[in-house]
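J.: Protein chains in written order, with the working numbering: chain A, 53 to 472; chain B, 35 to 359; chain C, 130 to 414.
Do not take every clue at face value.
[Claimed, not checked] Okay, derived cross-link-like pairs now, DMTMM-like style, lysine to aspartate or glutamate, Cα gap no bigger than 25 angstroms in a straight line:
id	chain 1	residue 1	chain 2	residue 2
1	A	K428	C	D244
2	C	K267	C	E219
3	A	K376	A	E328
4	A	K433	C	E307
5	A	K358	C	D244
6	C	K267	A	E326
7	C	K267	A	D420
8	A	K428	C	D301
9	C	K184	A	E326
10	A	K443	A	E326
11	A	K355	C	E304
Hints are computed from structural coordinates only; laboratory data are not their basis.
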Amino acid sequence: MDRRHFLKNTGIAAVSSGLGTLAIPMAARSETAPIRIGLMAPLTGVVAAGGRELVDGFTMFWDSIGNEIAGRKVEIIIEDDAANPDTALQKARRLVEQSKVDFLFGNLLANTGIAVANYVKGNGEPYFIPVIAADDLTQRGRIPNVIRAGGYTASQFPRVLADWALKQGYRKVAMISQDYAFGHEQCGGFAQTFTEGGGKVLQEFWHPLNTSDFSPYLGQIAGLGADVIFAMETGSDSNRFLQQFASFGLKGQIPLLGAQNSTDQSVIRTLGPECEGVISAAQFCEGSDNPATQAFVKAYNAKFGKIPSLYGFSHYVGAMWVAKAITAIGGKVEDRELFLKTVLKTELPDSPLGTPVKFDAYGNPIYDVFIRKVVKNAEGKYWNVPVTTYKGVSQFWNYDPETYMKQPPYTRDFQGIKKA
Amino acid sequence: MSMLGSLSASNLDSPRSRKGLLLSLALGALALVILPMILPGYQISIVTQILIFALLAMSIDVLAGYAGRTSLGHGAIFGLSTYVAIYWSTTMGGHIWVGLLLGIVAATILAAIFAILAIRTSGVYFLLLTLALGMIVWGVCQRWTSVTGGENGMRGAGRPAFLIDHAHFYFAVLLIIIPVTWSLWRLVHSPFGWALRGIRDSESRMRSLGYNVQLHLFIAFVLSGFYAGIAGALYAVFNDFVSPSTVQLSLSVSGLLMAITGGIGTLLGSFVGAAAITSLENIVSIFTERWPSVLGLTFIFIMIFAPEGIVGRVQLLLARKHQQS
Amino acid sequence: MSLNLFQLLNGLTFAALLFIVASGFTLIFGLLRIVNLAHGALYLFGGLVGYSTVKLTGSFLIGALASMAFVAILGVALDKGLLRFVRGAELRQVLLTLGVAFLLNDIALVIWGGDTYTVPVPEALMGAMRVGSVFYPKYRMFVLGLGVFVFIALWLLINHTRLGALIRAGVDDPETTEAMGINIRMVFLGTFMLGASLAGLGGAVGGAFLTLHPGADAEILVFSLAVVIIGGRGSLVGAATGALLVGLLNSIGQVVFPELAYFIIFGPMALILAFRPLGLFGRTA
């Protein structure tokens, strides 16, 4: 035998044996077999901290019910999407086609969620997204098997915040945001409601993701003469923004409003007084004195040594919500149509959110939305406490859904701004 | 300067080894045909991905292994093709096959632009320049939201019906990859390919022999971009989705790592490299989420112990044994 | 008018940080011919060590020193433990350091969990001060001063000390220097430590206003690459010029051409590489 062809053969043998080890034999499935859930989270890459919390919140719920539901064991298969849509797609394929999970959960960055949503569109696999907020997934580009259990649409809460800001007498806003769809949509929600209510958007600043130095923008914002500033920042950008906002002396001069992610625990956990007093709007409030909320926050803190962020909250709630539906259908998740239909009509009265929630007809929750303020708690940690509550806020605010969806999606160029 | 390429040990042109090569190639091709019949669906999709990345790695190898120019910008060329193909078939509502062709054309044009700027440099400067050019493409994809969908990317229009099945798509890719690989093989073993090797080893000598070095490098870069474009177009059908991650530096890095793992200057080593890295990633992720660490260690290990790559190493060993016997 | 002074200060203070980090990069690149793609990872790792030390001791100075020392040791490990296997092979070195960067970042993620941290600033440097007609954060003025200090110190070290003379001699003619009974490897190792420790210093100092988070390594690395490529490898004056150019382009460019935010650095960098591959101040060695 020729040596070189031996080499070629061993090469291929090595490959196929490498792949062979992946071929986990599938047990015969039946309705007493475990329910398999595929959870995708960014465990490496730039948002790994959030990804870890997402897993923690999710598994904490299933642990709390003994990983068993409707007489069936629950098996959670966790995959790292590496904050990369290409990886997320590959992992989704692996979970659905190889691990044969009954449904998918998770992902953190919008682009990973959109990639996976596009994949499940073709095969009908139920997919629950407590963090992926891209508006169109439950609006113009709705996919019936994609449901935002515990999640929200990007423009949903900023509208509430804009309404509140108008009621405080603010009329001129300067807006700064990360330059991507999540930012465009949140700012669009704010700008539309704010201008329709008689306010004026002085200027919107779009900066690249991961801007290390905000000083050029802060310099311009300071000179605009705004009544109030709206900042749509996530992760380390938010952390830096709040810090530089304070160090340039703007804090205390101009009131600062933030998107919910701007003052999320994942951001303010490592901050000091810079974050105090920032106002935001969200479906949960870790500093609320509601007993259900506090019970969850205490338990989470005891287990993981930190106050839960959006990622922990939403995945716990999302899991709880879907679990309630599974109980209602006696564990028959294999009947996808029944399963999805049941999830959509399941109401959740007693979650850590502290207020009852239900879905609208498009698979997005209707929440009681908190206006929240960052304050220091008794242990010296910063957290969000409720200022006031708006009841029953849907993703369509007070618009008619059909009419609303005729307007184009928010982009950098279309912000729904009403000309005065 | 010691380039990666100078480590290549390709000397496959004696009649005897050529016969062996053909035989092993035939067996390799046979294995590629049988593989999908024994593998479950998901793993067929992984093998498909290996084929696509192997083509990307080969396109990098043409420059790195034969012309002595190591690029960190090929991910951008690959990804542009993916973008154009998806844009054509969704936003423009055009036919996907036309989209694929346009993607390849776009990638080739981009490669020509890169080439004009980059061929004057060599060594680490070439590496850094291609890296910078790739970053610009990434920036455009990220920022030009109205066309590219920005950070969120673009969804495709769905694979054509007859390609939805993993095995069908695999064979379609295989049918494209085999002739493409053959043409690449012919390219590097043509007089043009030998001229590139000459440039790799000594530019001044080639110049004094009357070769137009710049023109050779330009053509090599453009051809390399053309092949990267084919890979990128296939990737568009494979994923049916594109985002800035596809033009990101990490893809250039993976492609290069695959070419190096297989063996720079061996061309077909790219298949071995792509298979090795992809399988490693899949196996490692079963046991640990620390893939970046494993990837880092792999890089370090290969650079220290096996810079000539798997195929290159085996060729060296065989050559040595051959001399002894 | 005051807005312009403000933006000018923004550019200058950012440039000062870039210079601190990039001068380490250019020392290693210019004198040792190593493109150390782990430089950003050293910055992040050093910054995080600095952060933890400041939290522990309450002293910013100790934190910065700890960061420098730790990264210098990492530098020794990198040079003695790994790079010595690939001496002289430029591209193998580059790719090896890339592997080290992956590894270091992942280890940092395991240890610090990937949250965003800010190195606490000493009391004396908090708040704003009056500069000309504007109020400006004291800390950023401190960074500007530190950048100038580092430039002068390095300049004196390279041009007016015996070590500097050895380094220059070792680069120009290693054989002769070796023959004169000088252990050139030790000189190079010293340079590597110095270059690495500057990344550590940058991490601690930059971590106080740019924050430390997964991904900060890549950002600073890309900026450093741009600085060194524009300025030319191994040239201190080049690094300073490059840092000023990149710092000012970054801050003023973002105000004047917000649409071009992503090109503002890479555009000039690509042009310079293409038409002056050795940079503005680079010389063929």
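J.: For each hint, tell me whether it holds in the structure or not.
T.: Hints versus structure:
no., hint, in the structure
1, K428(A) - D244(C), "holds, 20 angstroms"
2, K267(C) - E219(C), "violated, 42 angstroms"
3, K376(A) - E328(A), "violated, 37 angstroms"
4, K433(A) - E307(C), "violated, 59 angstroms"
5, K358(A) - D244(C), "holds, 12 angstroms"
6, K267(C) - E326(A), "holds, 16 angstroms"
7, K267(C) - D420(A), "violated, 43 angstroms"
8, K428(A) - D301(C), "violated, 60 angstroms"
9, K184(C) - E326(A), "holds, 18 angstroms"
10, K443(A) - E326(A), "violated, 30 angstroms"
11, K355(A) - E304(C), "violated, 62 angstroms"
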